Amino acid sequence: MNEKVMRNHRKRQTIIFSIIIIVLTYLSSDITNFNIIHGIATLPEAVKWIFSNLFINGETLERLPKILEKLAETILMSIAATTTATVVSIFLGIMGSKTTGTSTALGMFARFVASIARNIPVVAWALILLLSFGQNSVTGYLALFVGSVGFLTRAFIESIDEASLSAVEALRATGATYFQIVYKAVIPQCLPQMISWILFMIETNIRSATLVGILTGTGIGYSFDLYYKTLNYNAVALVTFSIVLSVIVIELISNHIRKVIL
Amino acid sequence: MSLVKVEKLGKSYNSQTKVLKDISFEVGSGEFVSIIGPSGAGKSTLLRCINRMVEIDEGKVIFDDLDVGSLNKKELRKMRTNIGMIFQHYNLVPRLSVIENVLHGRLGYKTTLQGVFNKFTEAEKEHAFFLLKKLGIEDHAYKRCDQLSGGQQQRVGIARSLIQEPKIVLCDEPIASLDPNASKVIMDYLKSITMELNITCIVNLHQVEIARNYSDRIIGLSKGGIVFDGPSYRLATDNTDEIYGTKTVETRKLVTV
Ligand SMILES: Nc1ncnc2c1ncn2[C@@H]1O[C@H](COP(=O)(O)OP(=O)(O)O)[C@@H](O)[C@H]1O
Ligand SMILES: [Mg+2]
Numbered sequence: 000m001n002e003k004v005m006r007n008h009r010k011r012q013t014i015i016f017s018i019i020i021i022v023l024t025y026l027s028s029d030i031t032n033f034n035i036i037h038g039i040a041t042l043p044e045a046v047k048w049i050f051s052n053l054f055i056n057g058e059t060l061e062r063l064p065k066i067l068e069k070l071a072e073t074i075l076m077s078i079a080a081t082t083t084a085t086v087v088s089i090f091l092g093i094m095g096s097k098t099t100g101t102s103t104a105l106g107m108f109a110r111f112v113a114s115i116a117r118n119i120p121v122v123a124w125a126l127i128l129l130l131s132f133g134q135n136s137v138t139g140y141l142a143l144f145v146g147s148v149g150f151l152t153r154a155f156i157e158s159i160d161e162a163s164l165s166a167v168e169a170l171r172a173t174g175a176t177y178f179q180i181v182y183k184a185v186i187p188q189c190l191p192q193m194i195s196w197i198l199f200m201i202e203t204n205i206r207s208a209t210l211v212g213i214l215t216g217t218g219i220g221y222s223f224d225l226y227y228k229t230l231n232y233n234a235v236a237l238v239t240f241s242i243v244l245s246v247i248v249i250e251l252i253s254n255h256i257r258k259v260i261l
Numbered sequence: 000m001s002l003v004k005v006e007k008l009g010k011s012y013n014s015q016t017k018v019l020k021d022i023s024f025e026v027g028s029g030e031f032v033s034i035i036g037p038s039g040a041g042k043s044t045l046l047r048c049i050n051r052m053v054e055i056d057e058g059k060v061i062f063d064d065l066d067v068g069s070l071n072k073k074e075l076r077k078m079r080t081n082i083g084m085i086f087q088h089y090n091l092v093p094r095l096s097v098i099e100n101v102l103h104g105r106l107g108y109k110t111t112l113q114g115v116f117n118k119f120t121e122a123e124k125e126h127a128f129f130l131l132k133k134l135g136i137e138d139h140a141y142k143r144c145d146q147l148s149g150g151q152q153q154r155v156g157i158a159r160s161l162i163q164e165p166k167i168v169l170c171d172e173p174i175a176s177l178d179p180n181a182s183k184v185i186m187d188y189l190k191s192i193t194m195e196l197n198i199t200c201i202v203n204l205h206q207v208e209i210a211r212n213y214s215d216r217i218i219g220l221s222k223g224g225i226v227f228d229g230p231s232y233r234l235a236t237d238n239t240d241e242i243y244g245t246k247t248v249e250t251r252k253l254v255t256v
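For the protein sequence lines, the chains are A and B, in the order given. 0 is the number of the first residue of the first sequence in numbering that gives the first Met the number 0; add one for each residue after it. 0 is the number of the first residue of the second sequence in numbering that gives the first Met the number 0; add one for each residue after it.
With the rest of the complex left out, here is chain A (with noise of 0.2 Å):
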């Protein structure tokens, strides 16, 4: 009885929401003037220019050694951005979780800035800081590290207080110093969490890296809005496939590396 009450409700849920889903869509096609069925017609004409001029041919593999040192810059300064952002962010979610915090005003003053960081998008971080810094690779990795920061803060606060240590409480009574608490009992428990999120944080600055190097001129997203710019599109093609060859791996590498500490 208790059951099929529950199952109609879901039945009912499922179909509202759908609903809701059609007609926001609906909306907002509308008011953009984006028209689907278009869209959708346009979809195969798209596919066919893709195919017929997004190839890589044997000249465009002369430029591969260069387009392969821009890469391994945007990777480098990928994971530079991560490593200097999650020392930042260790010290933020410490000081923001309940767990672990020390003083409330500290604890509001970490998760605004991790809100801050976090709620503008990274590309728009790289455009305010084009302003102060120019373009050059500062800017790019700054704005990676500020996103960085964000992200990371938030998802450490997460991990320590989901971990909700009760050793924090049993370490306290035997008379240990806070940092002692923190460094034995709170980061050996969170630590796999936390390495979990770095390596993800990893990957996403890998592929925000490109589209930051195209308004930065910097790294593997200059050599694409280079050849762009200049139609060559089969060189184009190769930095593409490159990125996605890249990204491939390190999420490769992540995946196996999480298998191991978890």
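Don't read these hints as lab results, they were simulated from the structure. Each hint should be verified, as a subset may be incorrect.
What the hints assert, rightly or not - Derived lysine-lysine pairs resembling DSBU-like cross-links, with alpha carbons at most 35 Å apart: (1) B/K166 with B/K124; (2) B/K118 with A/K97; (3) A/K97 with A/K258; (4) A/K97 with B/K109; (5) B/K124 with A/K258; (6) B/K73 with B/K222; (7) B/K20 with A/K97; (8) B/K222 with B/K77; (9) A/K97 with B/K166; (10) B/K132 with B/K77.
Treat the numbers as computed from the prediction; the structure is a model and nothing was measured.
Since the structure of chain A is already known, use the hints to place chain B with the ligands on it.
For chain B with the ligands alone, coordinates are given in the frame of chain A:
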């Protein structure tokens, strides 16, 4: 000579309700005391006032001639090294090994840096293994705590408190999450080891029978006040009725199960 002296202790978490009211008692060195009472009576709060894990609002707690309420941070840390604590949910770091968790009990004796860099002496490590052997879990020393049964985890908790070389051990419902067999093992260890090492022991329990079997003395707590304080054998049915607010034998059984 008394080790713990509680004088007119009062505690409230918010302005509406008083969790503890006018609590006074003394516990002598080497005593094994049970505090019984229904859930919400204030047992955990009372226990945590002794090592000031919660702040004392009214009255005084004297531990080992120290006025617990007036200690500064450093003095409080030092005092806590003399007080072991055991919890219902063991409160271990689940991902760390048994031996690492046991050695956490020594952190109070170290500077921050010594603790962070794992500077434990050979004597401390030997002591840890000695305790694990005594508690019958030395084979598990290098296992992660989350791979142990509840009873085994609680034994790790006991080892962590004993390595502090405490004068007193405070146990907050140490067997509430364990099955009867494991409960008996834990209570037997608590009783025998504290007796052997002459450590005072205060145990929060909600099972009257276990309190009667193991302790020298029982304190009955109800709605934040002491309603019984005396040797275990003197605890009569009338008293438990008052403590648990029950009238018939049947309902009391329900509470004590
Ligand atoms: N940290 C806290 N904040 C607010 N109220 C609390 C807190 N801890 C306990 N209480 C309240 O104090 C009363 C006594 O709780 P507790 O000492 O845990 O009793 P017991 O251990 O006997 O079950 C309960 O009503 C509980 O809701
Ligand atoms: Mg309790």
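message: Going through the numbered hints above, which ones does this structure break? Give me the numbers in ascending order.
response: Those not satisfied: there are none.
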